[in-house]
Structure formats: structure tokens, C-alpha cells
Amino acid sequence: MGSENFFRKKDIGSIPGTVVYVGDKSASDLYIEVFDYNEEDLVEKELKNITEVWEFDTSSNVTWININGLSHVETIEQIGKHYNWHPLMLEDIANTRQRPKIDEYEEYLYVVLKMLYFTHEGALAVEHISFVVGEDYVVSFQEMDGDVFSEIRERLRSGKGRIRKMNADYLLYSLMDAVVDNYFNLIEVFGDKVEELEDDLFEDNTHEDTAYEIQVLKKEILQIRRAVFPLRDVVNRIEKMESKFVTDKTMIFIKDLYDHIIQVSENVDIYREMIWGLMDMYMTTISNRMNEVMKVLTIIATIFIPLTFIAGIYGMNFEFMPELKYKYSYFILWGVMILIFFGLLYYFKRKKWL
Amino acid sequence: MGSENFFRKKDIGSIPGTVVYVGDKSASDLYIEVFDYNEEDLVEKELKNITEVWEFDTSSNVTWININGLSHVETIEQIGKHYNWHPLMLEDIANTRQRPKIDEYEEYLYVVLKMLYFTHEGALAVEHISFVVGEDYVVSFQEMDGDVFSEIRERLRSGKGRIRKMNADYLLYSLMDAVVDNYFNLIEVFGDKVEELEDDLFEDNTHEDTAYEIQVLKKEILQIRRAVFPLRDVVNRIEKMESKFVTDKTMIFIKDLYDHIIQVSENVDIYREMIWGLMDMYMTTISNRMNEVMKVLTIIATIFIPLTFIAGIYGMNFEFMPELKYKYSYFILWGVMILIFFGLLYYFKRKKWL
Amino acid sequence: MGSENFFRKKDIGSIPGTVVYVGDKSASDLYIEVFDYNEEDLVEKELKNITEVWEFDTSSNVTWININGLSHVETIEQIGKHYNWHPLMLEDIANTRQRPKIDEYEEYLYVVLKMLYFTHEGALAVEHISFVVGEDYVVSFQEMDGDVFSEIRERLRSGKGRIRKMNADYLLYSLMDAVVDNYFNLIEVFGDKVEELEDDLFEDNTHEDTAYEIQVLKKEILQIRRAVFPLRDVVNRIEKMESKFVTDKTMIFIKDLYDHIIQVSENVDIYREMIWGLMDMYMTTISNRMNEVMKVLTIIATIFIPLTFIAGIYGMNFEFMPELKYKYSYFILWGVMILIFFGLLYYFKRKKWL
Amino acid sequence: MGSENFFRKKDIGSIPGTVVYVGDKSASDLYIEVFDYNEEDLVEKELKNITEVWEFDTSSNVTWININGLSHVETIEQIGKHYNWHPLMLEDIANTRQRPKIDEYEEYLYVVLKMLYFTHEGALAVEHISFVVGEDYVVSFQEMDGDVFSEIRERLRSGKGRIRKMNADYLLYSLMDAVVDNYFNLIEVFGDKVEELEDDLFEDNTHEDTAYEIQVLKKEILQIRRAVFPLRDVVNRIEKMESKFVTDKTMIFIKDLYDHIIQVSENVDIYREMIWGLMDMYMTTISNRMNEVMKVLTIIATIFIPLTFIAGIYGMNFEFMPELKYKYSYFILWGVMILIFFGLLYYFKRKKWL
Amino acid sequence: MGSENFFRKKDIGSIPGTVVYVGDKSASDLYIEVFDYNEEDLVEKELKNITEVWEFDTSSNVTWININGLSHVETIEQIGKHYNWHPLMLEDIANTRQRPKIDEYEEYLYVVLKMLYFTHEGALAVEHISFVVGEDYVVSFQEMDGDVFSEIRERLRSGKGRIRKMNADYLLYSLMDAVVDNYFNLIEVFGDKVEELEDDLFEDNTHEDTAYEIQVLKKEILQIRRAVFPLRDVVNRIEKMESKFVTDKTMIFIKDLYDHIIQVSENVDIYREMIWGLMDMYMTTISNRMNEVMKVLTIIATIFIPLTFIAGIYGMNFEFMPELKYKYSYFILWGVMILIFFGLLYYFKRKKWL
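Residue numbers (the numbering used here), protein chains in the order written: chain A, 106 to 459; chain B, 106 to 459; chain C, 106 to 459; chain D, 106 to 459; chain E, 106 to 459.
Looking at chain A on its own, in the form it has when it is part of the complex (with noise of 0.2 angstroms):
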């Protein structure tokens, strides 16, 4: 996943085809799940084995096989040696820093996304998952597991809704929905944490870090921009290609899937307005603080240090000094200094400066 550093290295010059995964090595254990279905039927089965898959290459039903855990590179390679799949391929299966893409291939489409959540921290996750496509069967890899496809599972295991008698083609369409569903979801946890940052700012409930945590959503908002829209090319290729992969009972749903990615761009983006605006609201902030921090003292400093200068007058030592003996003197001085005490205070007061 990559949260914390999201451009990581490769060797360099490391043999074109050669499947590298470049994410963290103890993420995730391998888990393979196979859903084999038609209209009628569903077989659900947890495999222990890559090998296992085989048995369903004959079904003539849809047949969706999900792997988690790209750092088990050994069994993208069985895989792709099993079905024959490009080298460049299984490359980018496992090379959790390619962006979102399409190719097409003969015998098959391959899909790359990007599922973004928020971790328990509250950092910004972003994991690898890809999908091949052939006409019966989709294959995903998932960078690790946990996943936003429960409720896909749950509409194959009961069979409500389209899904069952739909293809492939379908199938790759609703994991995909299922996805871009999801960045509506995150978005919407954005944008909570962007709002609470807008009040933070607007109760003036700011610290020193206030410029740090801006900075931070704007990484994550480029992040998430990173991973969202390329998905419109992606998803705008599919419209335009004629492939035997996708039928036209499927494009329909496309077109929608395509609505639903430009909603999420367009929101990112005003996000990231937002979040370029959230700056200049934390600088006027500052400044606003400065002013009051000095309106005191200037107010202080105003009252006190013609006053002192006064009883300082009266402090000094001349043997000349008329005001020392006269008997009032002292309660007058008193009075003036109230005087001015007061003035002051009334010039402020129209100042607006109290």
C-alpha cells in the first residue's frame, strides 16, 4: 500500500517482464476465493492452491477468480504461465506504482485500478488491484486483502439483480462500480476531515501543525487524483472499443460507470480548490491573531508610558520643583492621569481597537 511513500524503487535495468513486487513484502497472506456461476448455479470455493483453478478452465459459466496478496509473485507467474499471458502483463500485476489502465490484449482485457480507504490512522491508503478479463472468467489480483466487494458476493450467492445473468464483461463492469462507489465514500470522509479543518479555522481553533495538516490533504487529494482520474480514460476507452469482451447489453452500464467517474473529478477538484483556499484562510488567521496580540500591547504600552513618564517627572530631584510642595499637587496629578487613563481608553474604544 502506499500510504507513506508512494514512489518506491525498482532496480534499475531489471529485465523487462520480470514480476516484481515493489509494495510492502509482509502485506498480506495469499488468499484465493473462485465464484463459478450461470443463471442457475453458483459454485463458492476457497483455495489453498493456485493449481485448483485449473479445474474451472472447462466450466462454460462465468467464472470470477480473486487472488489477494501481490507479494506472492510465484503464483502470478504460475497463473500467467498456465494461461499464457504477456510477461508485461504479470509485470504490471504486481507493480503496485502503475497507474490506472486499460489494455487490450487478444485473448484478454487488462484493467489496473487503484481502491483508496482511510486506514485506522487515519492515513490515506492506496492498494493495487487488476483485473483480466477473457470471455468467461475475470481474474482479479488485490494487493491485500479486505476489499469492497462483499455485497457483489452477496448478490452472486443470491442471485438477485442482473449479475447471475449477465457475462463476464458484467461482472468486470459491477467490480468496477463497486470501486468507484467507494471513492464516492472516501470522498466523503475527505471531506468531512476538510470541513472540520474549514471550522477549526473559522472558530480560529488553530495550531502550529494547522499548516502541516493542510499540506498533508493536499498530498492525499493529489493522491487521490492520482488514482482517480485516469480512471476516465480507462473507462472512456471501453465505451469506444469494439471488443468481443464487451457486449452491448454491457455498455449501457459503462455509460453510467463513466458518469459516476466524472462526478468523482469533479468533486476532487473542488476539493483541492477548497483545500488551495483553506491556506489563505489559515495566513488571515495568523494575521488576525497578530493584530490582536498587538492591539494589546499596544493599548498597554500607550496608557502606561506617558503616565510613568509623568510620575517620573515628579520623581526627580530638583531642589526647584514648585508642584512638590503645594499641598494639593499630588491628587491633582492623580486626576490628570485619570483623565488621560480615560481618554485613552475612549480613543481606542473609537478606534474599534477594544
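Please note that a few of the clues may not be correct.
Identical chains blur together in the list; that is why a pair holds if it fits in one copy or across any two.
[Stated by the list, open to error] The list that follows gives simulated cross-link-like pairs (lysine-lysine, DSS-like), each with its CA atoms no further than 30 angstroms apart:
id: 1; residue 1: Lys324; residue 2: Lys298
id: 2; residue 1: Lys349; residue 2: Lys360
id: 3; residue 1: Lys265; residue 2: Lys186
id: 4; residue 1: Lys360; residue 2: Lys345
id: 5; residue 1: Lys186; residue 2: Lys354
id: 6; residue 1: Lys456; residue 2: Lys298
id: 7; residue 1: Lys265; residue 2: Lys153
id: 8; residue 1: Lys206; residue 2: Lys349
id: 9; residue 1: Lys454; residue 2: Lys298
If you are wondering where the hints come from, they were derived from the structure by calculation, not from laboratory data. All of these numbers come straight from a predicted model, not from anything done at the bench.
Since the structure of chain A is provided, determine the placement of chains B, C, D and E on it from the hints.
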């Protein structure tokens, strides 16, 4: 209505084509009205139940069915089933999150717009509105009561203008035109808010919330943009498409509508630039005010600190301080201090700090 | 004229094709003039009533009918009815909010422009101007009296240049060229305002309204942009279109006109960037000035606060303070204080604060 | 030359095709030189009068006629009349406000460029230069004396390189290439100015005019952009057009020229971004300096104000102040004050203010 | 290498096609190596003189000739002459200022790239590298020693992967891929620098040079951009072109390479946005720090200035000041002052200034 949080939750993985209303559930009662007209006759009727609509199916007149209250999803499903509309379209009718768009189906056109207005509290409200247009009918779905079509109803009743003589496509145009015309009013009100804030900034009549108000304006203009900009594509596609639902006679009006949308878009962008300028203005206002405060402090301190020092000198208790004995010392000192006082005043005057 | 509030109200839902003047009602008296000419002859006439125009219908000469005063909508309706013009075009003639555009009708071309000038108060005024061009006539509609066509009238009268030898399309070109040429003058005046402000900023000759003045310049350049930029499309479309109203002989002049508009556009964008730079300059000016103020305060305080402290020490009333008794204490102390004084002065000098 | 005010007045409504020079009238004497050459021979001649040019009309050699001094409009009109050039082209030759462009006429090509250099006072100067290219001649019009073609003259005289063997189109290429090559030098000098300012900012070596200098750089880069960017279209159009004036042999050089212009454009944009960064740097410089000033004030005030207060306490004249009588009070007090002094110094040290 | 000043002088008007090296003359010794291979055999040889290369002309193997040291222009001219390469291409090989591009000639392809790395001093270095590709050879020209091709040499020697089985076009791909792979490493190192600076800003660990460091990062990212972005066009054109030099088998790798370049470009743009954010962060850091300083000053001054004033009052020498005689005055006064002291502390606490 999307006045507060315009990105709302949708359940992940809900079956595509499911009609889900994501807005405020208690928003509005169901309200159905029908206008059935041709050049000679007009029938206007308020219906209790959606099934009463079916009776107009056989009419060869133009029929406008207006339905308020998107939360009544069962009604949408009923009419959708009756007219055999596509489930994804039904989903979009209820989905207030859907952005403005146009979909061409074989038997009808589907257009999504956003109605914008300011609530009594001054917040920007976005109302989702859909049109389904067939050869001789327009069905409009509004999120809630209250719209901008009263003038159109009036024209239908009175038979003024060409509306009663034209087809359903002209009715669609008229409804869209009313929505767009309303944008002009909204933009005007919005503009007044911007200019008010600008005047406040000019008259230095700001407060701590000014930054927040500017941020609110930014958000509102982004929401307006989001509603207005996709409309350009919508109307442009109507212009370009060869559909039996849009006649040549109406086309010139569509072109005029396009002109209006471009105008609204331009105004939106102008206000957007102006709002960004406001933040800069506000920053200079704060800084100028700080300068003001600092000047007062500096003037007072610069005048009285040296004077206090002098008074301090002659408050020392050394036994041998010749000046203390001299009879006129005190008065000479006053003279010196008054000289310093006016000298510094003159200095600040010349520096234009006073 | 749109000098103050350039987005004005139009009644919602008014019947499309209704001629409504949305500008200042009392703006201008109706003024009609006609130039009817060919290479040999010229008839120039001021008309009292629009119906007098009909007499030129049969003339085979080029006829220029210039009508000032858009508030006289009944005149526009009369002439529109007489020549059988499209109602939407008549609406646009009176609608000062209409942006520059070109519409091709079968029997005529319709062109909308904006005339820009600075009023005597220095505010930017935008005047709406329309041209209807047929095979042998140009009708121009101006919002009010005063235009940039006096040179063209002169050329028509004197017969200098090629204007009398060419068709109506050349007259259209000449009128548009005069409008665009005037943009150059306007931009020049505008540029002087920008440079004046720049000089003020340079000479630190600013005041509290400077930010407001910059904001006004921003608004004006946005308005100019709004008038100038759509013109590019207008003239480009004239170049591209194959119309009987534009002859090949005129085309090269249209191309030249396009060049000029591009030039104006470029200048507009350059000034736009320069104005954004001004705000930054102003911010640094304010900050520099604050630095100046703070330095004065700091120098005075840093010098006199320690000195005052020393004086305070020897103003204490302890019974046992050996220095007080010593004969030269006072003079030594003066020496020390003068040393401190010049020492600090030297320190500030070296820090370049003096 | 456009070094000071690059948007100059042109009389409104002057007849299109009128040759008007809008630059500095006293700018330059008329200077005419001719190079008439083929692979074997070269005739180089300085002419007194434009009519002497006619004698080269019959030559089958390539003829380069270079004319300096655009203020001599009658000369331009004479040559234009002789060769039957289009009046609008003649207008553009003299119109220094014309942006870079290319016009194709049937009998010749017309190319406008801008020569850029820094004057001795360091201001950016823009010189208008036009080329008219026929099958066997190039006529170049320069605003004034001084150009970047001396190397080309040298190559013509010596016969080095391929210039003497090629046609007029190669001469055009060579002249344009010399202009573009000069842009590289200019950009380099400009870059030195930018880096110098950057170093000044780095070494905190700024003054009140720094903001103004940055604004000047911004304006200069905008002017350079204005001269360079349209050239891309010009050369691109030469590449694309099928003209008898540009031979295949020359095309590869034109492509190379295009590469160079792209490079200049990129550099211009890089400097543009860098200059915008300078303003930010300057702002932080000012703020850092203010911080510096404030720290000095705060340190001095924080140390001495409490000490002065203590001294003030023991300067009071109460009759019953036990400490005053105690023999070591004074020395203890000194000890306390020295402790406070160093305590605060340590505090500031730890805060890294010292 | 372009690490310091990336826009360097070229003599104006030098004859096009002249081979001029504009980099550091003493940069590198001449180094020539040859790999001549097919699936079975490999000859690797280091050459003293360019003429030794001719012996490989007749080989039907793929030949990779790698030449380091662009300052040795005579060698470039020699090989250019031998293979009859176009003079403009030779000029570009030596011209380190040339941006990445691809040129198609009839007999060969010419590709320019930039190799990027950080020097030991941490400065960004840009090395110019060119490839000339024929049907069975690749000639690479590097500005100096040191490259990113060691892994490729290793693969050639060991025969691992498909490199020895493929044609010259695959070698070209491998070399370009190595350069692009290296961009990932570079970006990573660059990213570490950015994040380091970000952490410094977060921990308020900044100094006066921080603004300068950010400006340096800005410049570096601009340079990286300049090297990376044109590559997209280069590879895209390889994908699109139908050339005998690029076989279908290699095409899929080229597509993969294109993907990688897009990824690098995206990362570059993300870092670019992040760096611009840094400047804002730095500004808030400075302002926060100033706030901190001002608060200390204000607290100290606000507490002690009034107290000093009170002490000053009772330091006056009036003969009639009743309090002075009262026995407990002094202690009461201390009580009052302590009250004021803690009262103000409490006030500041509540204001969250402490």
C-alpha cells in the same frame, strides 16, 4: 437539496438500476399536475395518484406531467414501469447527486438539470430536476415543491406566445430556458453578496469571519459552476443531435439557450476571479490595520521612552549632581522635553505617520 | 451602459422573442441617420421616423442605417416587422446583456459587438452595438449617442479610400474595424492607469484604497476581456463561412481585422498578468513599511530601555549604595551611558537598520 | 522600438492599407543595401535611393535587399508600388505594433518577426522586422540600424557554407535563424539578471525597489514571450505549407529552426515560473527581517522592563520599607538582577532567538 | 552537464550543421566501446580510435557502439562522414542544449534524451545523450563517462532475457528504458529532499536559507520536467510511426515504456505542486514564529509596564502623599502588584497566549 453537504452517501454496491433517493427524506409531499394542450384546448389537472396519468396516454395533444417529490421513489418506479423506461434512468431521476447530462434513448430523451436558489437563510440550495421527453409528452421530476415555471404555466393557460402551437420539444426548451433564466437572477443576487463584501473590505469594515465568508462564497461559486458548466455540453449535444424529438423549428431557440448558458458561465468565471481577488484585498486590509496599530505604538513609545529616561536621570540620588541645585534646572528641563516632544512630532509628520 | 452593474435582471419566463431593453431607460433619445451611396453619389439624411427608411428599400446603392437609442424598443419592433427579421434577433438587439456573437440567417447576417470607453468619471462603460447586414444594406443599432464612426462618415462623404467602391460587407468591416481600433486606444488609456498605479507603488505613494483600486482594475480588465475575446470567434467565423454577404475582395481585410483582435487580446492578457503582479507589489510595500516602523521602535526602545534601567538603579533609596557618595559617579555614569548610546548606534549601523 | 510603452496609439479609423509608422519618428536614417549573388558571383552595394533597386529586377541571381528605417514610409510605398505589393502588407511593414505572423500571397511570402536586445541602459528593446520573399529575392525591412545579420553578410561574401548555393528560401531561413539564435543570447543575459536578483535575495541584499525590479522582470519576460511564442505558429505554417517559395532542400533547416524556437519558448516559460517564485522569496525575506527586528526588541524589552520595575520598587519613598535599611540589600539586589539577566539570556538561547 | 547554468551561449550565425560542443570543454576523455552480438555470439571491445569501428560495418550482427565524450567533436564529424549522416543531426549530437526529440531519416532514426542524476554535492546534473539507430546498429553518444547502462551490458554478456535474441530496435528500447527507470530513482531521491524540507518546516526547524532551498527545488523540478516531458512525444511518435527500424515485437515494450514515462511525468507534477505548497507552509511558519515573539513581548510588557507605573507613582517626591506615611502601604502595594501580576497571567492563560 444540497445546500449543506453536497456529496452524500450512497450504499456501496447497491444493484445498478435501483431507485434510491439520497436527499432529505422528509423533503416534500408528492404533488402531480398535468397540462394537456394543443393550439385550441388546454386541460389542467392536479392528480392524487400517478395511475391517473395513464388516461392521457391516448391523447394526441402535448402532455406535460410535472411530479414534485423525489423521495416518493415508488411513484417513480410505477411510472417507469408503465412507460417501460430504462432502470438506470429511473436511478438517475432519484439520484440528486447526478450531474447535469443528457441521455438519448430510442423512445425518449432524458435531461438532468439543477435548479439553484438561495434559501431564506441565504444559503445556496441545489434542486435536482429531470425531464423525460417523448414525441408528445414531457415528464418533469422535481426534488420538491417550488419552481421557476409559474410563468410557463401562465403562458400555457393564456395561450400567449407560440408555446401552445409548438411541440413537446418547445416545451422542453421553455422549461430549460426558465431554469437558465433563473441562473441570471441567482448570479445577480450572488454578485450583490460579492460586491457587499467588497465594499466592506473597502470601508475597512471587516471582522474575524471575513475570511470564512470569502471561503463560503468560493464554495458557492464552485457549486454554481458545477450546476451550470455541464449544461453547455447538454445543450450543445441537443444542437448537434439528429433526433425526432427535436424539430427544426425549435432548433433556433436551442441555439439561443446555448448563448444564454455561455453568458451565465462567463459571469460565473468572472465572479470566481473576483472572489479570489477578495482574499488578497482582505490580506492587505489586515496588514494595513496592523501597520496602523504599530504606528500608534511606535509614536507613543518613541516620544515618551527618551523623555522618561531624562526624568529618570534626575531622579537619581547621587550626592553630586550639580544640575539639581541650580534654580532654573527644572524649567529648562521642561523646555528641553517640550522641544523633543514637538521635534519628534514633526519628524513623524514628515514621515507621514501622522 | 454596463459601467456599474454589468449583470442585470431580466424577467424570468418572458416569452422568447420579446424585445426588452434592460439598460438605463432614460439613456438616449432616438436618432436615425441614413447614408445611401455608390461610387458616384451619396445621400446623407437624418430621419425623424423609422418609416422614412422604407423609401431606401428600392435603392440599388449600399445603404447604411444607423439607429441610436435601444430603449426605443417599438422602433426596433417596427423595423424588424418591416424587414421580417427573426424575433430572437430583435430580442438580442435590445438585450444589452448579449455577448458578442454572429448569427447567420438566410437573408442577413447578425453581428453583436461591444463598444468600450471610459466615462468622464474614469469608469469603464460598455455600449451594446448590433449590425444587421444584407446584400446591399447595413443597419447598426447603438445603445446611445456617441460612437467611433465619425472617421467612416468622413470617408463616405469625401469618397476617399475604397469604401464607396465596395459593397455592404466592406462597410461592415469598416465599422467593426473602427470598434476594434478603438480598443487599442482604450487599452492604452487603461495601460496608463496601470502604470500610474505601478509608479505609485514604486514611489511608496500608496494609501488604504490602493487594494481597492487594484481590484477595480481587475474588474475592468475582466470586462474588457469579456467584450474582446468572443470577437475572435466572431471574426474567425466570418473568415470561415461561405456567405453571399461576404465577398472575396473583403476577405483579406477581415483577416487583417482578425490579426488586430488577436493583438488586442494579447495586450489584455498581458495587462491582466501585470495587475495580478501589482497586488504582490502592494503587499511587499506594506510589509516594507511595517518593517520601517518596527525598526524605529526597536532602535529607540533598545537604546533607551537599558539606559532608563541604569538611571532607575541609582534612583533607588537604599541606605547603603557606595556609588551614590562618590563625587564623580554622576559624570562617570553619563560617560557610560553615552558609550552605550553610541555603541548601540554603531551596532544598528552595522546591521544596516540605520 | 518598444522598450518603454509597447502599446502605442494609431489614429482611429485611418483608411485600411495606409502606411503609418507608429514608432519613434527620429529613430533612424534610411539605409539601403543590396546583395545580389549566385554560387560564383556576389555584388554588394549600398544604395542612396530606393529606385536604384529596380536595376536588380532582371537579375536571375538571388537578391537580398535590406532596408533600415521604417520611419521612411514613402520609401516603403515606392517599393510596394513598384513590385505591386498589397497595401495591407505595406501597412504591416511599417506598423511596429504588428505581432509576428506569416501571410501567403500569390507572388510572395510575408513574414514579420521581432528582434530583441537590451539597450545600453539595460532596458529591453523590441525591433520590428519584416521579410518579403519572392522566388529569387528577399527584401528585409528593419525598424532601425543595427542587426544580427553581420555573420550572414560575412558568409555571403566569403561563400562559406551552403548559403551561396541555395535559393532565396534558404536566405530567409538564415535570416530567421539569426534572429532566433539571438534570442538564446538574450535569454541568457535575461537569465543572468534573474539569477543576480535571486542571489541578492539569498544574501538578504535587498532594498525597497526589489519588488519593482521583479515587476520589471515580469514585464520583460511577458514582452519576450509576446515576440517568441507567435513564431512557433509562423515556422510551423512554413513547414506545413506547400509553396513554391520553400524548397524541399530547405525544409529540413526549417524543421531545425522550429526545434530552436520550441527551446527558446521553454526557456522563456521556465524563467517566467522562476520570476514568480522570486516574489515569494522576497516576501519571506521581508518577513524574516521583520522577525529579526522584533526579536531584538523583544529580547531587550523582556530583559530590562522587569529589571527596571525592580529598580522602580526600591525607588519608592514609603517610610516603612525594611529592605532599604538593610546593609547588603543593594548588593543582593544586584545579584538578583544579574541572575534574572542571565536566566533570560539562557531562556532566549534555548528558544534559539539568540 | 547543465547543473549550473542550463542556458548556454552559442555563437550567433554559426553555419547550420556546424558541430559545436557548448558544454564543459574539459569534461571527459574520449571512450569508445563496441558490443557486436547475435543470439549465439558476443564481441565486446574497447576502441582507441573511431576508425576501428568501420570493421564492424560488414557484420550482420547487432552492433552497439557507445561513445563517451561529446567534447571530441572531430570524432563525431568522422563517424558522421563515414556513415553519411546529416550535418544537422551531427550538430544536435554535440549540442547539449538540444531538448529530447526524435528525427526520422531515411536510413536511420535519431533520438535525443537527457540522463539525470545528482552530483556528489547534491546538485542536479543533466547529461545529453543521443542514439542513432539503423537496421542492425545503435550508436550512442554520451556527454561524459558514467551511465545507467551497466545492467544492460551485464545482460548482453550473460545472454539473459530476450535482448540477445532481438534486433537493434529492442536495444534502443532497453537503453531508453534504463534512462527512464533511472528517472524513477532520481525522483525518489528528489522526493526525499522535498519531504526532508517538509519535515524541517513541520518541526519549525527552518533558517534564513529555507526560501532559497525551496527556490532551488523549484528550479530542479523545472529542469527535470524539461527533460522528462518532451519524452512523451518522442515515445508516442515511435509508437505511431511505421518504420522499418521498429518491429512489431518491440512495439509492446515501447508501449510499456510510454506508460512509465507518463508515470514519471505525473510524479514530477505532483512534486511540483507539493513544492509550491512548501512556500506557503514556510510563510505560515515565519508568521507563527513572529506571533510567538510578539506574544512574549506583549506579555512581559503588559505585566510590567503598569507595575512600573505604580512604583513610579510612589517614587514621586510630593510633600503631601498620605500613603507614604502609612505603615503598611509598602506591603499592601506588594499585595496589589502581585494580584495584578496573577490577574494578567490568568487573562493571558484564558486567551491561550500561554
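Now for the hints, and whether the structure bears them out:
{"no.": "1", "hint": "Lys324 x Lys298", "in the structure": "both (13 angstroms within a copy, 16 angstroms between copies)"}
{"no.": "2", "hint": "Lys349 x Lys360", "in the structure": "both (17 angstroms within a copy, 22 angstroms between copies)"}
{"no.": "3", "hint": "Lys265 x Lys186", "in the structure": "between (35 angstroms within a copy, 19 angstroms between copies)"}
{"no.": "4", "hint": "Lys360 x Lys345", "in the structure": "both (10 angstroms within a copy, 19 angstroms between copies)"}
{"no.": "5", "hint": "Lys186 x Lys354", "in the structure": "between (32 angstroms within a copy, 19 angstroms between copies)"}
{"no.": "6", "hint": "Lys456 x Lys298", "in the structure": "between (38 angstroms within a copy, 26 angstroms between copies)"}
{"no.": "7", "hint": "Lys265 x Lys153", "in the structure": "within (29 angstroms within a copy, 33 angstroms between copies)"}
{"no.": "8", "hint": "Lys206 x Lys349", "in the structure": "both (19 angstroms within a copy, 28 angstroms between copies)"}
{"no.": "9", "hint": "Lys454 x Lys298", "in the structure": "between (39 angstroms within a copy, 29 angstroms between copies)"}
Going down the numbered hints, you'll see the structure goes against none, and every one checks out.
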